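Visitor: Residues per chain, in single letters:
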Amino acid sequence: MTENLEDIIEGCRHKNPKPQHLLYERFSARMFGVCLRYAGSYEDAQDVLHEGFIKAFEKIGQFQGKGAFEGWLRRIMINTALEKYRNRYKIINIQDNITEVEGQGFEELAENMTANEIMQFIQELSPKYRLVFNLFAIEGYTHKEISAMLNITEGTSKSDLSRARTILQEKVKKYYNHSIRTGMRI
Amino acid sequence: MNENQKNIDRLIQDKLFNYAINPPEIVWKKIEGDLKQEKNRIIIPFYLKIAGVLILFTGLGGVIWKLTDKSSPRVINTTTAFQNVITPSIKDNRLANESEKSIITNVNPKNEVVLIRKAVPTNFQTHKISDNHRLMNFKESSVNSDTSNNTENHLLSSVDQMSPADLTIANRESQSRSVKLDTVVLTSNKTETDSSANSVKTSKPPVKILDVFLAEDAPKNTKSPKWSVGGQAGPQYSYRDVNSDKLTTSHYNKVESPVMAYAGGINIQLEAARLWAVQSGIYYSKIGTERTLDNAGGTKVTDPVQNWGNSYNMTNQGNASDVYMNSTGEITISYKKQEALGINAIAATASDSPDEYHVDQYCEYLEIPLILRYRLLANKLKINLLGGISSNILVGNSIHETGPNNFDITAHIEAVNKTNFNGSLGFGIEYPISGNILFNIEPVFKYYFSSVSGNQDVDVHPYSIGLMTGISCKF
Numbered sequence: 143m144t145e146n147l148e149d150i151i152e153g154c155r156h157k158n159p160k161p162q163h164l165l166y167e168r169f170s171a172r173m174f175g176v177c178l179r180y181a182g183s184y185e186d187a188q189d190v191l192h193e194g195f196i197k198a199f200e201k202i203g204q205f206q207g208k209g210a211f212e213g214w215l216r217r218i219m220i221n222t223a224l225e226k227y228r229n230r231y232k233i234i235n236i237q238d239n240i241t242e243v244e245g246q247g248f249e250e251l252a253e254n255m256t257a258n259e260i261m262q263f264i265q266e267l268s269p270k271y272r273l274v275f276n277l278f279a280i281e282g283y284t285h286k287e288i289s290a291m292l293n294i295t296e297g298t299s300k301s302d303l304s305r306a307r308t309i310l311q312e313k314v315k316k317y318y319n320h321s322i323r324t325g326m327r328i
Numbered sequence: 184m185n186e187n188q189k190n191i192d193r194l195i196q197d198k199l200f201n202y203a204i205n206p207p208e209i210v211w212k213k214i215e216g217d218l219k220q221e222k223n224r225i226i227i228p229f230y231l232k233i234a235g236v237l238i239l240f241t242g243l244g245g246v247i248w249k250l251t252d253k254s255s256p257r258v259i260n261t262t263t264a265f266q267n268v269i270t271p272s273i274k275d276n277r278l279a280n281e282s283e284k285s286i287i288t289n290v291n292p293k294n295e296v297v298l299i300r301k302a303v304p305t306n307f308q309t310h311k312i313s314d315n316h317r318l319m320n321f322k323e324s325s326v327n328s329d330t331s332n333n334t335e336n337h338l339l340s341s342v343d344q345m346s347p348a349d350l351t352i353a354n355r356e357s358q359s360r361s362v363k364l365d366t367v368v369l370t371s372n373k374t375e376t377d378s379s380a381n382s383v384k385t386s387k388p389p390v391k392i393l394d395v396f397l398a399e400d401a402p403k404n405t406k407s408p409k410w411s412v413g414g415q416a417g418p419q420y421s422y423r424d425v426n427s428d429k430l431t432t433s434h435y436n437k438v439e440s441p442v443m444a445y446a447g448g449i450n451i452q453l454e455a456a457r458l459w460a461v462q463s464g465i466y467y468s469k470i471g472t473e474r475t476l477d478n479a480g481g482t483k484v485t486d487p488v489q490n491w492g493n494s495y496n497m498t499n500q501g502n503a504s505d506v507y508m509n510s511t512g513e514i515t516i517s518y519k520k521q522e523a524l525g526i527n528a529i530a531a532t533a534s535d536s537p538d539e540y541h542v543d544q545y546c547e548y549l550e551i552p553l554i555l556r557y558r559l560l561a562n563k564l565k566i567n568l569l570g571g572i573s574s575n576i577l578v579g580n581s582i583h584e585t586g587p588n589n590f591d592i593t594a595h596i597e598a599v600n601k602t603n604f605n606g607s608l609g610f611g612i613e614y615p616i617s618g619n620i621l622f623n624i625e626p627v628f629k630y631y632f633s634s635v636s637g638n639q640d641v642d643v644h645p646y647s648i649g650l651m652t653g654i655s656c657k658f
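Line order of the protein sequences matches chains A and B. Residue 168 in my numbering is what sits at position 26 of the first sequence, and the numbering runs on without skipping anything. Residue 525 in my numbering is what sits at position 342 of the second sequence, and the numbering runs on without skipping anything.
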C-alpha cells in the first residue's frame, strides 16, 4: 500500500480502514491544534476532532482534488467547531472584565510568548470572542464571511473582534505582570 | 484597524496557524469504533422504506379484505345456513323442465321450503316482477304442481308474501352489476315433504321470500381461492452495467464477464381483482461477475484513470496481502489469513498466464419483492405479465479466485453497498397439476437501480435474467 496522499484519499473513498488510519495519523496533530483554538477545553477539542474526522471520512467522496486536502479538512474541523459553539455564542453572557490596554508594547510581549501560552489565552476567551478572533485573526476570514458563518451582523463581528483583542491584551498584560513579580520567564 | 493590531494578529497567526499537538490515542479509538459501526450499519434508503410500507399495507389490506369480504353475504347467511341444517336435499325434477334443470327444493328442519333456481329465464328482468297481477297469480298457484313446463309459475306462485320492493331491489342490483339474476331462494312457513316422491307439498300457503341473491353463472356456495403460497427456485444469468466519468469502463468490460448463479424463495399471492394479483415473499438471490486477470508479469499495472483497476501483482508472494480492483470495488486478499486458515494460497509466478486466473465475485441478497401480475390468458394454462420492485439486503459478498498450481483463495470486496433496489419484468406461466396445486415457470429480467459499489465515482448496476420454476397452492 503506497502512502502518497492521493492513494490514501482513494483508499478512504473505499472506506478501507488502513488508509483512514494513515490519513488520521498524517493530519490529526495539526487538526487538533485547530480544534484546541476553537474549543474551550482540551476535552471539547477532542470531541470536535472526533466529529470532524468522522465527517471527513463520510464526505471524502466530495473532495474533488481542487485545492489542498488539508484546507478542505481544516474547513470541516472549523465548521464542526462552529456548529458546536454557534448556539452557545448567542446565550453566553460575557463576564470578562475589560480594561483598555495600550496596544503599544503588547506586540513585544506576544512575540516572546510561546504558542502554547497564546493558545491558553485564546481558550480562556468566551466562545463569542474566541470564534470571531480565530476566524478573523488566524484563519483570515473577512467580517462579511464571519457574519454569514455566525449569523451575526458585520458590526457585531467587528465589535467582538475588538473586544477579543482587548481581553487578550489584558490577559497578556496580567500574565506579564505576574511573571515579572514571580520571576517567571516571559 | 491600526498597523499595530495587524502586526499582533500576524504574530499570533504565525504562532498558531500551523500549531500542532498530538491528540490522545483515545480519539482514534473512538473514531475507529464509529467507523466500524458505520460500516456494519445497514442504512435503509428512503425508497426501500416506502417499498416496505407498501408491502405491509398490501398485506394488511389483503387480510382485512379477506376478513370483511361481503360480495355474497346473503348466500352465506341463508343458503349456507340451510345447507348445514337441511335434511337431504330434494331435487324436484318435476319442477324442472329441460331448459331449467336446476330448480332445487330443500326443506330445512323448520319446515321452510328453500327453492333455489339456478337457470333463470333469460328475460327475467322483463317479467315485471313488481307487477301486482303477477304477484296475485303467484298466490293462486301451487308449488306441488306436476306441470313441469310451468316452472316459472310454480316458482312465482310460491311467493305469497313476496315483497315487490325486494324483487325490485334485486332486479336493480342485477342490472347494476351486469349479471343475470339467476338464483332465487324462497321459503315457506309450513311445508310438508315427501321424500319418497322427491317432491314438496305445501299444505298451507302463504310462502314468504327469505332472500334473493345474485350470482353470475350458478349458485356458488363457495368462493374461488384468492390466496396462494408457493416456492420457486431457478438459475439466473447475471452481469452488470458500469458507468463512470473517472473509471475506464472499457477496461472492465474487457476483463469481466457474466456468471450463472441462482435464486429461490417463497412467495404469497393475492388475487386482488379478476385479472390482477399482487405478490410478495422473501427470496435469496445470488448475482455476480467473473473476471480474468489481465497481467501476471509482476508489474503493478495502473489503470489509466485515477489509479483504478490496479491489476493483481502476482509477485507479492511474500506480502501479507494483495489488493486489486474490479469494477465493483477493491479486493483485498490476505495471504497470511488464508494460510492461517489452512487454505492453499500458493502465489502465482511471473510465468503464469493471466488467462489462467479467474475471479468470481458474488453478491448475495435477501430480496423482498412487491410484484403486480396481470392475467393475459386465463385458460387452463394461465399466462401473466408481471412487474414490480424489490428491496434487497446484502447478506453475502464473496470473492473466489482460482488459478494454476492449486491457487484457490477466497476474499471479499470492500465497500459494497449493503442495500439495493431492483425492478423486475417477466412472464408467469401457470398450469394446474391437481386441484389447487399449480406448477409455474417464470422468465424474469431484473435490473438493480442502486449502484452495488460503495465508490461514488462509479455506478455499477447489476442485472440478471432468471428462469424461476416452482409450485404454488391456492387456498
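FYI, nobody ran anything at the bench for these hints, they're computed from the structure. Hints are supplied without guarantee of correctness; some may be wrong.
[Stated by the list, open to error] Okay, derived cross-link-like pairs now, DSSO-like style, lysine-lysine, Cα gap no bigger than 30 Å in a straight line:
1) A:Lys286 x B:Lys565
2) B:Lys198 x A:Lys208
3) A:Lys313 x B:Lys198
4) A:Lys160 x B:Lys601
5) A:Lys226 x B:Lys565
6) B:Lys563 x A:Lys160
7) B:Lys198 x A:Lys197
8) B:Lys198 x A:Lys286
9) B:Lys437 x B:Lys563
10) A:Lys201 x B:Lys601
11) A:Lys197 x B:Lys219
12) A:Lys226 x A:Lys197
13) B:Lys657 x A:Lys226
14) A:Lys315 x B:Lys198
15) B:Lys198 x A:Lys316
16) A:Lys226 x A:Lys208
17) B:Lys198 x A:Lys226
18) A:Lys316 x B:Lys189
19) A:Lys201 x B:Lys657
20) A:Lys201 x A:Lys286
21) A:Lys160 x A:Lys226
22) B:Lys212 x A:Lys160
23) A:Lys226 x B:Lys213
24) B:Lys657 x A:Lys197
25) A:Lys208 x B:Lys565
26) B:Lys232 x A:Lys201
27) B:Lys189 x A:Lys313
28) B:Lys198 x A:Lys300
29) B:Lys219 x A:Lys160
30) A:Lys197 x B:Lys601
31) B:Lys437 x B:Lys565
32) A:Lys300 x B:Lys565
33) A:Lys201 x B:Lys212
34) A:Lys197 x B:Lys409
[What the hints assert, rightly or not] Residues of chain A clear of chain B, computed beta-carbon distances all greater than 10 Å:
35) Glu253
36) Glu266
37) Glu296
38) Lys313
39) Asn319
Just so you know, these numbers come straight off a predicted model, no measurement behind them. Beta carbons are placed, not taken as given, at the ideal position from N, Cα and C, and that holds for glycine.
Visitor: So, for every hint listed, does it hold in this structure?
Guide: Evaluated hints:
Taking the CA atoms of Lys286 of chain A and Lys565 of chain B, the gap is near 72 Å; set against the 30 Å cutoff, the hint is violated. About 27 Å separates the Cα atoms of Lys198 of chain B and Lys208 of chain A, which keeps this hinted pair within 30 Å; it holds. Restraint check for Lys313 of chain A and Lys198 of chain B: the C-alpha separation of about 17 Å stays at or below 30 Å, so the hint holds. For the hint pairing Lys160 of chain A with Lys601 of chain B, the CA-to-CA distance comes to about 21 Å; that is within 30 Å, so the pair holds.
Restraint check: the Cα-Cα separation between Lys226 of chain A and Lys565 of chain B comes to about 64 Å, which exceeds 30 Å; the hinted pair is violated. Note on Lys563 of chain B and Lys160 of chain A: the hinted pairing is violated, with a Cα-Cα distance of about 62 Å set against a maximum of 30 Å. With a CA separation close to 27 Å, the supplied pair Lys198 of chain B and Lys197 of chain A stays within the 30 Å bound. A threshold of 30 Å between alpha carbons decides the hint, and for Lys198 of chain B with Lys286 of chain A the separation of about 25 Å falls inside it, so the pair holds.
Of the pairs offered as hints, the one joining Lys437 of chain B and Lys563 of chain B is violated, with about 47 Å between alpha carbons and a cut-off of 30 Å exceeded. Distance hint between Lys201 of chain A and Lys601 of chain B is fulfilled; the C-alpha atoms sit about 18 Å from each other, no more than 30 Å. Between Lys197 of chain A and Lys219 of chain B the CA atoms are separated by roughly 14 Å; this keeps the pair inside 30 Å, and the hint holds. Taking the CA atoms of Lys226 of chain A and Lys197 of chain A, the gap is about 14 Å. The hint holds against a cut of 30 Å.
Distance hint between Lys657 of chain B and Lys226 of chain A is unfulfilled; the C-alpha atoms sit about 60 Å from each other, more than 30 Å. With a C-alpha separation of about 18 Å, the suggested pairing of Lys315 of chain A with Lys198 of chain B holds against the 30 Å cut-off. Taking the CA atoms of Lys198 of chain B and Lys316 of chain A, the gap is about 20 Å. The hint holds against a cut of 30 Å. Distance check on the hinted pair: Lys226 of chain A and Lys208 of chain A sit about 27 Å apart at the alpha-carbon level, within 30 Å; holds.
Distance hint between Lys198 of chain B and Lys226 of chain A is fulfilled; the C-alpha atoms sit about 25 Å from each other, no more than 30 Å. For the hint linking Lys316 of chain A to Lys189 of chain B, the alpha-carbon distance of about 22 Å falls within 30 Å, and the restraint holds. Pair hint Lys201 of chain A plus Lys657 of chain B does not hold up; C-alpha atoms about 51 Å apart against a cutoff of 30 Å. For the given pair, Lys201 of chain A sits about 27 Å from Lys286 of chain A by alpha-carbon distance, which is consistent with the 30 Å threshold.
Between Lys160 of chain A and Lys226 of chain A the CA atoms are separated by roughly 29 Å; this keeps the pair inside 30 Å, and the hint holds. With a C-alpha separation of about 13 Å, the suggested pair Lys212 of chain B and Lys160 of chain A falls inside the 30 Å cut-off, and the hint holds. Distance hint between Lys226 of chain A and Lys213 of chain B is fulfilled; the C-alpha atoms sit about 18 Å from each other, no more than 30 Å. With a CA separation close to 53 Å, the supplied pair Lys657 of chain B and Lys197 of chain A exceeds the 30 Å bound.
Annotation: proposed proximity of Lys208 of chain A to Lys565 of chain B is violated, straight-line Cα distance about 60 Å (limit 30 Å). Using a Cα cut-off of 30 Å, the hinted pair Lys232 of chain B and Lys201 of chain A holds, with the two alpha carbons roughly 24 Å apart. Between Lys189 of chain B and Lys313 of chain A the alpha-carbon distance is near 19 Å, which keeps this suggested pair within the 30 Å criterion. Proximity of Lys198 of chain B to Lys300 of chain A is assessed by CA-CA distance (about 23 Å); at most 30 Å being required, the pair is judged to hold.
Between the alpha carbons of Lys219 of chain B and Lys160 of chain A the distance comes to roughly 12 Å, so the proposed pair stays at or under 30 Å and holds. At most 30 Å may separate the alpha-carbon atoms for a hinted pair to count; Lys197 of chain A and Lys601 of chain B meet this at roughly 20 Å. Only pairs whose Cα atoms come within 30 Å are accepted, and Lys437 of chain B paired with Lys565 of chain B is rejected, the gap being roughly 42 Å. About 80 Å separates the Cα atoms of Lys300 of chain A and Lys565 of chain B, which puts this hinted pair outside 30 Å; it is violated.
Restraint check: the Cα-Cα separation between Lys201 of chain A and Lys212 of chain B comes to about 20 Å, which is no more than 30 Å; the hinted pair holds. For the hint pairing Lys197 of chain A with Lys409 of chain B, the CA-to-CA distance comes to about 52 Å; that exceeds 30 Å, so the pair is violated. Non-interface call for Glu253 of chain A relative to chain B: violated, since the shortest CB-CB distance, roughly 6 Å, does not exceed 10 Å. With a minimum CB-CB distance of about 14 Å to chain B, Glu266 of chain A clears the 10 Å threshold, and the non-interface call stands.
With a closest Cβ-Cβ approach of about 14 Å to chain B, Glu296 of chain A is found to remain outside the 10 Å limit, as its non-interface label requires. No beta-carbon of chain B is positioned within 10 Å of the beta-carbon of Lys313 of chain A; the least distance is around 13 Å. Every beta carbon of chain B lies more than 10 Å from that of Asn319 of chain A, the smallest distance being close to 18 Å; the non-interface claim holds.
The structure does not agree with the numbered hints 1, 5, 6, 9, 13, 19, 24, 25, 31, 32, 34 and 35 stated previously, though it agrees with the rest.
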